[in-house]
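Asker: Protein chains in written order, with full-length UniProt numbering: chain A, 1 to 422; chain B, 1 to 422; chain C, 1 to 422; chain D, 1 to 422.
Any given hint could be a false lead.
Because identical chains cannot be distinguished in the list, a pair is counted as satisfied if it fits within a single copy or across any two copies.
Dumping the calculated DSS-like pairs for lysine-lysine here, alpha-carbon to alpha-carbon at most 30 Å [to be verified]:
{"no.": "1", "residue 1": "K252", "residue 2": "K332"}
{"no.": "2", "residue 1": "K376", "residue 2": "K79"}
{"no.": "3", "residue 1": "K7", "residue 2": "K79"}
{"no.": "4", "residue 1": "K376", "residue 2": "K9"}
{"no.": "5", "residue 1": "K421", "residue 2": "K332"}
{"no.": "6", "residue 1": "K209", "residue 2": "K421"}
{"no.": "7", "residue 1": "K401", "residue 2": "K209"}
{"no.": "8", "residue 1": "K390", "residue 2": "K376"}
{"no.": "9", "residue 1": "K9", "residue 2": "K79"}
{"no.": "10", "residue 1": "K24", "residue 2": "K156"}
{"no.": "11", "residue 1": "K71", "residue 2": "K7"}
{"no.": "12", "residue 1": "K154", "residue 2": "K134"}
{"no.": "13", "residue 1": "K411", "residue 2": "K24"}
{"no.": "14", "residue 1": "K401", "residue 2": "K24"}
{"no.": "15", "residue 1": "K401", "residue 2": "K411"}
{"no.": "16", "residue 1": "K7", "residue 2": "K209"}
{"no.": "17", "residue 1": "K209", "residue 2": "K411"}
{"no.": "18", "residue 1": "K376", "residue 2": "K7"}
{"no.": "19", "residue 1": "K7", "residue 2": "K421"}
{"no.": "20", "residue 1": "K209", "residue 2": "K390"}
To be clear, the hints were calculated from the coordinates, so they are not data collected in a lab.
There are 4 protein chains.
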Amino acid sequence: MTEWVDKEKVFKDPVHDYIYVFDKLIWDLINTRAFQRLRRVRQLGTAYLTYHGAEHTRFTHSLGVYETMRKVLSHFERKFGWPGDERTRLLALCAALLHDIGHGPFSHTIETVFKFHHEEFSQRILLEEPEVNKILRRVDDQFPQDVADVIAKKDKYPLVVKLISSQLDVDRMDYLLRDAVNTGVTYGRFELERLIRVMRPEGNDILVKMSGQQTVEQYILARYFMYSQVYLHPVTLSSDVLLKHAFLRAKKLHERGQQLFLPEELQPFLGKDNMDDLTVEEYLRLDESVMMYTFHRWTESDDAILRDLADRFINRRLYGSILTRELKEVEKQTVRDMFRAQGLNPEYYIAFGHATGAGYHMYRQGITLVDDDGDKMDIADASALVRSLKPLTQHRIFCPKEVLRGEGSYKPIRGWLEALKI
Amino acid sequence: MTEWVDKEKVFKDPVHDYIYVFDKLIWDLINTRAFQRLRRVRQLGTAYLTYHGAEHTRFTHSLGVYETMRKVLSHFERKFGWPGDERTRLLALCAALLHDIGHGPFSHTIETVFKFHHEEFSQRILLEEPEVNKILRRVDDQFPQDVADVIAKKDKYPLVVKLISSQLDVDRMDYLLRDAVNTGVTYGRFELERLIRVMRPEGNDILVKMSGQQTVEQYILARYFMYSQVYLHPVTLSSDVLLKHAFLRAKKLHERGQQLFLPEELQPFLGKDNMDDLTVEEYLRLDESVMMYTFHRWTESDDAILRDLADRFINRRLYGSILTRELKEVEKQTVRDMFRAQGLNPEYYIAFGHATGAGYHMYRQGITLVDDDGDKMDIADASALVRSLKPLTQHRIFCPKEVLRGEGSYKPIRGWLEALKI
Amino acid sequence: MTEWVDKEKVFKDPVHDYIYVFDKLIWDLINTRAFQRLRRVRQLGTAYLTYHGAEHTRFTHSLGVYETMRKVLSHFERKFGWPGDERTRLLALCAALLHDIGHGPFSHTIETVFKFHHEEFSQRILLEEPEVNKILRRVDDQFPQDVADVIAKKDKYPLVVKLISSQLDVDRMDYLLRDAVNTGVTYGRFELERLIRVMRPEGNDILVKMSGQQTVEQYILARYFMYSQVYLHPVTLSSDVLLKHAFLRAKKLHERGQQLFLPEELQPFLGKDNMDDLTVEEYLRLDESVMMYTFHRWTESDDAILRDLADRFINRRLYGSILTRELKEVEKQTVRDMFRAQGLNPEYYIAFGHATGAGYHMYRQGITLVDDDGDKMDIADASALVRSLKPLTQHRIFCPKEVLRGEGSYKPIRGWLEALKI
Amino acid sequence: MTEWVDKEKVFKDPVHDYIYVFDKLIWDLINTRAFQRLRRVRQLGTAYLTYHGAEHTRFTHSLGVYETMRKVLSHFERKFGWPGDERTRLLALCAALLHDIGHGPFSHTIETVFKFHHEEFSQRILLEEPEVNKILRRVDDQFPQDVADVIAKKDKYPLVVKLISSQLDVDRMDYLLRDAVNTGVTYGRFELERLIRVMRPEGNDILVKMSGQQTVEQYILARYFMYSQVYLHPVTLSSDVLLKHAFLRAKKLHERGQQLFLPEELQPFLGKDNMDDLTVEEYLRLDESVMMYTFHRWTESDDAILRDLADRFINRRLYGSILTRELKEVEKQTVRDMFRAQGLNPEYYIAFGHATGAGYHMYRQGITLVDDDGDKMDIADASALVRSLKPLTQHRIFCPKEVLRGEGSYKPIRGWLEALKI
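Assemble the whole structure, with the sequences as input and the hints as a guide.
Answerer: Printed below as a string of structure tokens:
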């Protein structure tokens with residue numbers, strides 16, 4: 001089953017130093033059109049507008065996830081004889097490499113606007129994209145489905161699934177380190193090599209030696225810090241607001257039948273009600289160059305709102321934000337009315353931040369420590385430090401900075417809100 | 001003259017850790033459309049196809065050059081009382097920040113195809129782009145011209161010019177370190193802080209203390225290694241060949257009046273004979289998202305050659321290459337004929353590498369060491385190591401890998417060349 | 001008052017990259033016999049027997065504390081105009097440099113055995129050691145006393161005292177980073193430059209901007225991790241036990257008048273009842289080379305116990321340890337009796353670990369955050385994460401590994417303890 | 001033959017991150033008295049007086065050499081099936097671990113004074129030291145001799161010998177990186193992982209792939225820079241002069257039968273004419289704590305010269321130095337006479353630096369590149385850069401700084417030398 005590449009392939013990498021490819025299967029997957037497309041999708045979406053170093057792509061991250069899995073498997077094989085069989089090894093490597101293959105540009109925003117989940121496309125690509133599917137089928141006919149099932153977290157291969165997506169998975173291990181290196185912050189660093197060394201497969205579970213408690217704490221803290229310092233940074237959230245509002249505006253104009261630059265790559269997304277009707281081929285045509293080019297053109301749109309939003313995004317005239325308490329819907333409506341009264345369409349010129357921050361979960365359950373006698377406990381039970389970590393529930397109002405400051409004819413929003421006791 | 005920003009602005013940076021902005025002038029320049037555009041121009045062009053980490057942009061590098069200049073000036077001011085006056089300080093900082101403002105996407109290739117120099121546009125932007133120009137004129141009416149002159153290496157401010165572009169300048173200092181960090185190679189590292197500390201302004205020259213000889217050697221070696229390991233890596237050169245050939249093909253089709261996707265941003269470039277006729281506004285509309293999108297669309301062109309070249313570039317089916325001795329024109333013609341005989345248009349399917357490698361110079365003259373008695377000598381006279389560095393003069397033939405290997409109906413090019421004693 | 005050194009002096013440093021000395025006062029203090037002696041006192045005592053990289057000295061750390069203070073003062077001066085006066089600046093720098101001048105070899109152990117506090121000798125050195133005192137008096141006659149008072153935490157210069165020893169001081173900042181670099185662990189890393197930037201002097205207090213909460217959390221976590229991973233590592237604690245027991249044995253032999261190798265440098269320590277009777281000159285003769293040489297010679301002692309303990313320490317035949325619950329004195333006595341019954345003198349062959357771990361405090365109170373409105377709160381009130389950190393209260397029994405394992409004629413201690421329900 | 005340790009042992013290391021021990025043989029060797037003694041011998045002798053971070057020991061380095069060998073063997077085994085047999089693997093690992101076992105404190109100086117070579121003692125320890133020898137004989141009776149022969153560069157195991165000591169050996173690989181990390185300089189860094197990957201065993205030789213030329217250049221340059229920046233730093237050389245002169249003085253006093261503190265560990269060295277008469281046991285009693293303690297006591301010697309030299313060394317009142325041209329013996333004699341005329345004994349108060357610098361060789365021959373066709377060439381033939389590296393031949397006069405400067409009653413030596421045209 002195993003075909004080795006002629007000579008081992010090596011990628012120089014800022015995180016892992018070197019990424020090694022020994023299997024021809026992996027090498028060929030990397031060279032598919034679908035995988036190369038990930039070079040045109042940034043890992044952190046709009047975060048480069050906050051941290052200028054965050055220009056790295058999902059291509060880079062996917063290679064890193066593969067390499068981390070390779071290291072874990074190598075350790076597990078040597079110490080515990082798992083996976084032992086070649087097919088499971090390849091399954092784990094392929095799933096690691098391809099877990100993000102369905103990611104689109106600025107995914108989180110785009111998926112909200114067009115209502116789909118990239119995970120579904122990840123699975124469909126493995127099954128429907130001819131080039132990728134053909135390579136995977138070299139293992140056997142069932143293999144593409146099995147890789148897709150692992151990505152879908154189905155329970156046929158529970159250990160592989162846990163290594164790909166759980167509280168302690170190779171995906172997070174790579175992205176925490178990679179995002180830390182690229183943004184330049186030190187918060188996301190943890191001892192990857194030691195973390196791998198305290199892990200062990202047991203039955204259908206991945207356990208961690210009790211002596212590794214602090215290594216796991218360090219890893220969980222890396223998540224905690226990266227979320228608040230990078231992933232949920234208000235400036236990044238405000239960039240996402242602009243992106244989303246611009247797309248909502250374009251959608252509205254399109255629905256109204258108004259004239260609008262729309263590249264043919266985007267048309268299926270606006271033209272179809274159900275994204276399940278998109279073909280994989282249509283889906284894969286979308287990347288950041290299409291999106292950025294579209295925004296470029298929208299800076300010259302006839303529609304004043306679209307033009308303004310696109311210009312703000314492209315030229316980094318971002319919205320500002322202020323912290324609020326949690327607002328009731330009626331209060332939000334009052335604020336929206338105030339915007340309207342000032343001549344600003346609240347659909348596009350204001351956003352309430354909670355929705356954006358949703359979907360972020362701190363550590364809950366699922367990392368199990370085991371001591372020398374085989375007794376187990378969840379890290380959250382062992383560690384007061386882990387228990388202390390709470391999800392961030394900041395509420396923010398995002399809107400243009402000139403409105404925040406009350407510049408020109410605008411009344412300062414801060415004053416309003418104070419009057420409203422918001 | 002000096003306006004300070006309300007509170008100092010800080011950018012987190014993977015190379016310098018932090019980049020500090022104290023001057024409102026600098027802050028406002030960073031926020032111009034023209035400067036933000038540099039976020040959409042990769043620093044190393046196509047090198048990301050060789051080193052996947054090389055995704056950083058000229059925006060990032062420009063901030064780094066500014067920061068390096070800020071450090072040099074701070075050291076010079078404290079130790080040598082230079083520049084002493086505020087205007088010269090601002091001049092040096094602005095020139096450092098804006099020296100690359102005219103860089104376009106994949107500059108070196110594009111400039112060859114369309115015949116212009118980005119340096120000229122850098123200067124024109126300072127003088128003609130209203131937003132940038134207005135900010136610079138806050139210093140005085142002459143200021144934009146002075147910054148442009150420094151970038152054009154005119155000799156009114158010789159020390160500032162030397163710091164911006166010479167054998168030992170802040171531009172190189174930043175890019176060597178930044179490119180090393182992002183590609184992950186260790187070759188480009190040198191001791192920036194010590195290098196700055198051994199430099200001193202004297203008259204119209206920057207001198208280096210004799211005790212700093214090895215620090216300078218290390219810096220020059222960083223250049224040597226980065227050139228051969230990164231900048232002139234055969235895979236990057238072969239990516240440039242594809243890019244260039246695709247544009248040449250598009251130009252030819254356009255001249256012939258054939259149907260061709262051409263975004264309006266590119267039309268002025270193909271429509272005008274002389275790039276001096278481009279307005280600055282037209283010039284600044286071009287960025288990598290336009291280029292990448294165009295390539296995207298060309299992968300579906302009716303023209304088989306353009307379609308093929310675009311597909312190879314976008315999906316990384318790059319040309320391979322082989323080393324040759326220097327070829328005479330008549331020998332090149334023979335090789336071209338052989339390609340034609342196999343049904344391959346040599347204009348697009350073969351390239352001789354020397355031209356691509358041209359423009360690369362190793363250290364020549366210009367870094368002066370000075371001892372405690374004031375005696376001076378060029379580093380090349382002091383250092384056998386520096387003298388030993390010679391420009392790379394590799395000659396290569398680039399062409400599709402299947403031709404190189406003689407796959408399918410192709411005859412293997414290696415055999416041919418051996419028969420020709422090439 | 002200020003004398004500058006002819007040219008600035010620079011030390012290459014693994015933590016701060018460079019350490020700068022501009023003041024002749026500082027330069028001359030570094031070159032005193034008393035300060036050079038710190039080269040012969042390891043920073044982490046016996047921790048090098050756990051982490052082989054931990055071979056760095058208090059000399060190195062003292063320079064680092066000085067450099068950290070220099071950076072803080074430079075930031076405070078620029079942003080807040082403090083300290084403003086030259087004498088306070090020198091006071092802070094000297095106190096930073098000299099705060100550990102009284103540290104002896106393996107301080108914590110030695111001080112327990114001989115009953116003294118190195119802090120008192122630090123102060124006495126400044127006042128009584130002629131070379132150091134003379135240099136300090138170049139500022140003014142009161143200066144040595146003021147530096148001593150700062151080290152003694154007297155409240156005449158509250159801000160300087162806070163910077164030298166508080167929950168957020170330059171001493172900790174340096175040692176966390178330095179110990180992390182030398183041991184090779186990543187746990188102790190935090191963003192020093194940003195930490196300094198969020199600090200501000202206000203009245204008699206050092207405050208931290210609210211936006212710096214996570215930076216402070218990271219710093220406090222560095223302490224948490226370094227304590228459990230390095231400072232209180234069981235192997236280091238067990239090395240300390242050997243060291244202490246050997247000295248207790250030597251003291252006992254000396255009191256009994258038995259023959260014993262005792263270098264003249266150690267004689268005053270054993271000969272005097274009260275360490276206050278030691279002269280500063282006598283005190284400063286002690287360093288690690290004396291201690292290590294003494295142990296060397298004790299490996300050939302006529303006394304079997306001393307010989308054995310010294311051999312174990314020198315040749316790293318360390319005691320092992322096991323975790324226990326907290327023991328009552330009567331239980332400890334039972335254990336001691338069991339050791340005696342096996343022919344082992346419990347005074348030297350067993351130790352109960354709690355005493356060793358004492359003196360270790362986790363974060364309590366004292367780092368104050370301040371928001372834009374000037375409202376203040378303690379970090380522990382703001383941060384659930386900080387509140388979650390509890391002092392380590394591990395109890396351990398240390399004894400020879402062969403006893404732990406029940407090798408040879410020994411009965412295994414584990415079995416005993418289980419029988420005793422300990 | 002192979003016994004594995006119960007669970008793999010891991011050392012945290014600042015250079016290699018982790019050092020892995022799988023073999024019980026290695027683990028037991030590390031725990032011998034002879035190997036633990038290396039904790040008390042600094043890797044860089046007196047260099048800590050120049051770079052305060054250079055406090056690391058030969059223990060640390062020896063572990064690093066072992067780990068580097070382990071990595072090389074692991075690569076060679078996987079790719080080339082060498083060594084293939086278990087005994088050769090163990091031989092290589094043991095030789096790597098133990099190659100420095102005979103190193104004494106401040107070796108280079110001590111060996112000059114007492115006329116012996118530590119290499120001979122390294123071999124004798126393996127054969128004569130009971131604890132080490134017994135462990136090695138667990139492999140077979142011939143094994144200790146074979147390890148000794150490898151260290152002695154005998155040709156029975158040419159590949160292992162080349163890996164231990166050649167132009168491209170694991171000893172240098174570790175010390176360059178380790179010394180760079182500990183001193184804090186960036187000069188010694190090179191890409192260890194890639195260097196290993198381009199190496200291959202072939203017959204009795206280690207070859208390097210042609211594509212690895214620059215990796216080897218970087219490694220050779222690391223040596224070049226480390227020699228001039230660290231190993232031959234004038235301040236380190238001047239520290240060595242003091243050390244040597246103090247010992248020469250002590251030897252002279254001892255020969256004259258004068259009263260002198262001499263610890264029993266040093267007596268055999270002064271008492272025997274031929275160091276071959278030393279027993280291994282006597283030899284191993286010497287370490288840095290003995291040496292440092294002796295110097296300590298000599299600071300209180302009755303002999304003014306010995307007292308002064310010891311005080312200068314311990315308290316870092318080092319000699320200064322000036323560059324000269326190469327001097328003839330008659331000129332040196334003139335200088336010595338001048339010293340004598342000023343009341344200074346030239347035997348102890350002046351040194352001519354060439355001798356100290358001897359023994360330092362730049363790269364000569366021995367690293368062979370091989371291209372895809374199997375053609376070979378020496379790196380010096382392939383690389384102008386390597387050819388440009390010449391041995392340093394600085395000549396220096398070392399003497400007390402007050403004499404250099406002509407302070408007090410001294411006439412300034414500079415003036416003298418200029419008058420002499422030296």
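Asker: Hints first: check each against the structure and report whether it holds.
Answerer: Going through the hints against the structure:
Only within a single protomer do K252 and K332 lie at most 30 Å apart by alpha-carbon distance; the minimum there is 22 Å, versus 58 Å between protomers. Only within a single protomer do K376 and K79 lie at most 30 Å apart by alpha-carbon distance; the minimum there is 20 Å, versus 41 Å between protomers. When the C-alpha separation of K7 and K79 is checked against a cutoff of 30 Å, the pair qualifies both within a copy, at 27 Å, and between copies, at 10 Å. When the C-alpha separation of K376 and K9 is checked against a cutoff of 30 Å, the pair qualifies only between copies, where the shortest distance is 24 Å, while the shortest distance within a copy is 40 Å.
Taking the shortest alpha-carbon separations for K421 and K332, only the intra-copy value of 12 Å comes in at or below 30 Å, while the best inter-copy value is 63 Å. With identical chains, the CA atoms of K209 and K421 are at most 30 Å apart between copies only, with a shortest distance of 25 Å across copies and 51 Å within one. In this homomeric assembly, K401 and K209 come within 30 Å of each other (Cα to Cα) only across copies, at 23 Å, whereas the closest approach inside a single copy is 50 Å. Proximity of K390 to K376 under the C-alpha cut-off of 30 Å is found in both arrangements, the shortest distances being 24 Å within a copy and 22 Å between copies.
For the homomeric pair K9 and K79, the shortest alpha-carbon distances inside one copy (25 Å) and between copies (13 Å) are both at most 30 Å. Only within a single protomer do K24 and K156 lie at most 30 Å apart by alpha-carbon distance; the minimum there is 25 Å, versus 40 Å between protomers. Taking the shortest Cα distances, K71 and K7 sit within 30 Å of each other both inside one copy (19 Å) and across copies (19 Å). For a Cα distance limit of 30 Å, the shortest separation of K154 from K134 inside one copy, 22 Å, qualifies, whereas the shortest one across copies, 56 Å, does not.
Only between protomers do K411 and K24 lie at most 30 Å apart by alpha-carbon distance; the minimum there is 26 Å, versus 64 Å within a single protomer. For the homomeric pair K401 and K24, the shortest alpha-carbon distance between copies (18 Å) is at most 30 Å, but the shortest distance inside one copy (53 Å) is not. For a Cα distance limit of 30 Å, the shortest separation of K401 from K411 inside one copy, 12 Å, qualifies, whereas the shortest one across copies, 65 Å, does not. In the homo-oligomer, the alpha carbons of K7 and K209 lie at most 30 Å apart only across protomers (13 Å), although the nearest pairing inside one protomer, at 37 Å, exceeds that limit.
Taking the shortest Cα distances, K209 and K411 sit within 30 Å of each other only across copies (29 Å), while inside one copy they are farther apart (59 Å). For the homomeric pair K376 and K7, the shortest alpha-carbon distance between copies (21 Å) is at most 30 Å, but the shortest distance inside one copy (44 Å) is not. In this assembly of identical chains, the alpha carbons of K7 and K421 lie at most 30 Å apart only when taken from different copies (29 Å versus 68 Å within one copy). For the identical chains of this complex, K209 and K390 are neighbours both inside a copy (25 Å) and across copies (22 Å), given an alpha-carbon limit of 30 Å.
In the structure shown, no violation is registered for any of the earlier numbered hints.
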